[in-house]
Amino acid sequence: MNALVENLPALLAGLGTTLFVLVTSAVGALVLGTLVVVARVSPVPVLRAAAFGYVQVLVNVPLLALLLLAVFALPDAGLIAPLVTTAIIVLTVYEAAYVAEALRSGINTVPKGQVEAARALGFTLSQTLRLVVVPQAARAVVQPLGNVLIALLMNTALTATVGVVELTSATNKVNLVQAEPITIFGAAGLVYMALALVIGLGAGRIEKKVAIRR
Amino acid sequence: MRQPETAYLYDEPGPRTRRRIRIASVVSLLVLAGALALMLRQFASRGQLDADRWTPFLSWPIWEYLLVGLRGTLLAAAVVAVLGGVLGVLLALGRLSPLRPLRWLCTGFIEVFRTLPVLLLIYLMLFGLPAYGINLPVLWKLAVPLTVANSAAIAEIVRAGVLSLPRGQTEAGYSLGMRRLQVMRAVVLPQALRAVTPSLVVQLVSLLKDTSLGYVVAFTELLYRAQVLSAYNRLLIQTFLVVTLVYLVVNGSLSALASRLRRRTTKTAAPVAAATPAQPGAPAVEVPRA
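Residue numbers (the working numbering), protein chains in the order written: chain W, 1 to 214; chain L, 1 to 290.
Hints are computed from structural coordinates only; laboratory data are not their basis.
All C-beta atoms in this analysis are idealised placements derived from N, C-alpha and C, irrespective of residue type, glycine included.
Treat the hints with care, since some could be wrong.
[As the list claims (entries may be wrong)] On the chain W side, residues computed to face chain L include the following (Cβ under 7 Å):
(1) L64
(2) L69
(3) A73
(4) A77
(5) G78
(6) K112
(7) L158
[Stated by the list, open to error] Derived list of chain W stretches under chain L, where covered just means 3 residues or more per stretch with a C-beta under 8 Å from a C-beta of chain L:
(8) 126-137
(9) 170-179
Turn these sequences into a full structure, and let the hints guide you.
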C-alpha cells in the first residue's frame, strides 16, 4: 500500500496523460469518423471509394505498427512532431475507422422504407438525413460508439510502447522500483475499469436520452 | 457504374445532379491526388523514394527473414484463437448458467478482462510475475495475456449468439426430455456459433493484430522482426511500410472472408433473426472492438 501512496504523484501524472490522450483523440476520432462516413454514403464515387479504402486499411493494420511507423520511421522523411502529439494523431486516425464503421452500421439500421417515404414526400437528401435518418440512427449508434471509446481507452496504453508516459507506462516504472506488482498493477487495473465503467454508463444515459420510444 | 449499398438514400440523379456529381468527383480526385503528391514529394526530398532504398525488398533473404516472423505471428494467433475460443465458449456458458456462483465468477472475469489494456497484462507478465518466480517461455508471455483478453471478447460474442436464438429452440429441446447441458450442446450452441461466425472471424482479425505486441515481449513475430531488420538495414520507412502491407494482405483476406460469411448468413438466416424479439441485455456483436 505504501508503494502506492509514495508514488501517487507519478501515477497521477500518468493518469493525467492517459486522460488527455483519451479525450483529444476521442474528439478527433469522432469528427474524422463522421467525415469518413459522410464520404462513405455520399453519391460521389471517388469519395466513397476513398472512405472505403481508408476504413479497410486501418481496420486491418495493427495500431502498434502504425505507432512505430509514425514515431520511429516517419522522422526519416522529415515528418516529425512532439511524441504525445504524434501518438494522438495516430490514435485519432486509427479509431476514426472504427467510429465510421459504428456510424455506418447505425445508418444501416434505419429501414429503407423510412428513406423512401421521406423521398416520396419530396425531402431533399440533407432533409432526409437530418430529419429522418440521423434521429433514428442515433439511438442504435450510442452503445457501439461507447464500445469504440472503451477500445480507444485500452489502446491509449499502447502509446507506452513508443515512450509516452501514460498510466500503463507509469505503473510499470513504479513497479520496477517498488516490486509490488499485485498492488500496483491491481490499482492501475481498477482505474482502467473505472474509466471504462464511466464511459459505459455515460453511453447508457445518452442512449436513454436519444432513444425514440416505439 | 456499380450501385452503392446506400443508393436508396437519394433519387435517381437527373442531368443537373449528374453534372454536380461529376464535378465533385473531379474535385475530390484532384484533392486526394494533390495530398498524395505532396506526401511523395516530402518523401522524395529526403531520398526515401530512391530505388536503392526499395530494391532490398525484392531479394529473397529479406523476405525469408520476414516470413519467419509471419510464421510466428500466425503461430501465436492460432494458439490464442484455439485457447481463447475454448475458454470463451466456456465463459459464455458459465455466464448463462443458472448456478449463481459460477455465473458471478464468469461475469466478473469477462467484465474485468474486457476493460483491461492487454499491454498492462503483458507488463505484469514481463516485469511483475517473475518476482513471484513465475517466468514463462516467451511465446506464453504473449499468448497468456492475449488469451485472457480475447476469451472475454469471444465469450460476449458467443453469449450474444445464444441470446439471439428464438426461445422455442430451447423449449423444444426440453420438451423432448433433454437436459440443460444436452440442449446447449446439441441444439443451442451449434446454431448460435453458426450465427456468430462472422463476428468470430472479425475477432480473429483483431487477435491477429494483437499479436504484434510480441514486439514488446521480444517474441519472434512479424513486427518484432521488422524492428530488428530496420535496426540492421536502417531502412525504417520501407521496412515498416512493407510489414504494414503484409498485415494488410493477411488481415484483409480474413476480413473479406468475414463479410462474405456475413452476407451468406444474413441471406439464409434473415427470417429467423427478424422474427426474434431483441432480448434485453444482449450485447451488440456488430461492431468490432480494436
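Evaluation of the provided hints:
no.: 1; hint: L64; result: 4 Å, holds
no.: 2; hint: L69; result: 4 Å, holds
no.: 3; hint: A73; result: 4 Å, holds
no.: 4; hint: A77; result: 5 Å, holds
no.: 5; hint: G78; result: 5 Å, holds
no.: 6; hint: K112; result: 5 Å, holds
no.: 7; hint: L158; result: 6 Å, holds
no.: 8; hint: 126-137; result: holds (count 3)
no.: 9; hint: 170-179; result: holds (count 5)
Checked against the numbered hints given earlier, this structure breaks none of them.
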